[in-house]
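Visitor: Here are the chains, one letter per residue:
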Amino acid sequence: QKEVEQDPGPLSVPEGAIVSLNCTYSNSAFQYFMWYRQYSRKGPELLMYTYSSGNKEDGRFTAQVDKSSKYISLFIRDSQPSDSATYLCAMRAIIQGAQKLVFGQGTRLTINP
Amino acid sequence: NAGVTQTPKFRVLKTGQSMTLLCAQDMNHEYMYWYRQDPGMGLRLIHYSVGEGTTAKGEVPDGYNVSRLKKQNFLLGLESAAPSQTSVYFCASSYSGLAGETDTQYFGPGTRLTVL
Chain A
1 QKEVEQDPGP LSVPEGAIVS LNCTYSNSAF QYFMWYRQYS RKGPELLMYT
51 YSSGNKEDGR FTAQVDKSSK YISLFIRDSQ PSDSATYLCA MRAIIQGAQK
101 LVFGQGTRLT INP
Chain B
1001 NAGVTQTPKF RVLKTGQSMT LLCAQDMNHE YMYWYRQDPG MGLRLIHYSV
1051 GEGTTAKGEV PDGYNVSRLK KQNFLLGLES AAPSQTSVYF CASSYSGLAG
1101 ETDTQYFGPG TRLTVL
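Residue numbers (the working numbering), protein chains in the order written: chain A, 1 to 113; chain B, 1001 to 1116.
It is possible that part of the hints are untrue.
What the hints assert, rightly or not - In silico DSSO-like links for lysine-lysine, alpha-carbon gap of 27 Å or less:
| hint | chain 1 | residue 1 | chain 2 | residue 2 |
| --- | --- | --- | --- | --- |
| 1 | B | Lys-1057 | B | Lys-1070 |
| 2 | A | Lys-100 | B | Lys-1070 |
| 3 | B | Lys-1057 | A | Lys-42 |
Said to hold, decoys possible - Only some residues are given here: those of chain B computed to face chain A with a beta carbon under 7 Å:
| hint | residue |
| --- | --- |
| 4 | Gly-1042 |
| 5 | Pro-1083 |
| 6 | Thr-1104 |
| 7 | Gly-1110 |
Everything labelled a hint here was simulated from the structure, so no lab data went into it.
Just so we're clear, the structure is a prediction, and the values are computed from it rather than from any experiment.
Think of the CB as a built atom: it goes at the ideal place given N, C-alpha and C, for glycine as much as any other residue.
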């Protein structure tokens, strides 16, 4: 079993829809949770960063962490064609002073005009 | 401020050939990383460095070597390329890699490598 599981999609929705992207994880040591966005043939770029359980909002994006269920989500409101990309969740733990960072497989999202 | 740059952008090798991928960052970051990205596998860490002159193995280090002779550069070498090393390689850097939002990893644009 992978430490981080993410549905690879692809996911295709109409413009304006609310999008929900999710990851589950098995290692309870993860404390920092991130979402990266990766456009085609580009490197990943950080979209959202959260620490511990709860919600964090940034414009049309909301990141949600539920540590009790080991489940994180990214919501995109009023989705735009420019949101079409692959979204990767990532999780970090500090173990014996060293960083452990694990990425999900990525979900490919297409927003149709 | 160019951020993280990678050279070359594309490369085709024959089995058994060697090559070096260059990563450079101008953000004065201590930590640098090399990842490979394959369909359905996400990003997997090959090697990383926590400072000039240091290197450490990641999740999939076999077949690769790295060097960090200068703080701003991190080189990834393939001594004898194999078709299984066909992938997209990403370099990243971060301030310290231990905690906090300031330790975000910034990625380069990637190198597409094909080994025939």
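Visitor: All the hints need checking, so say for each whether the structure fits it.
Guide: How the hints compare with the structure:
no., hint, verdict
1, Lys-1057/B x Lys-1070/B, "18 Å, holds"
2, Lys-100/A x Lys-1070/B, "24 Å, holds"
3, Lys-1057/B x Lys-42/A, "25 Å, holds"
4, Gly-1042, "4 Å, holds"
5, Pro-1083, "22 Å, violated"
6, Thr-1104, "5 Å, holds"
7, Gly-1110, "5 Å, holds"
The structure fails to meet hint 5 from the earlier list, while all remaining hints are met.
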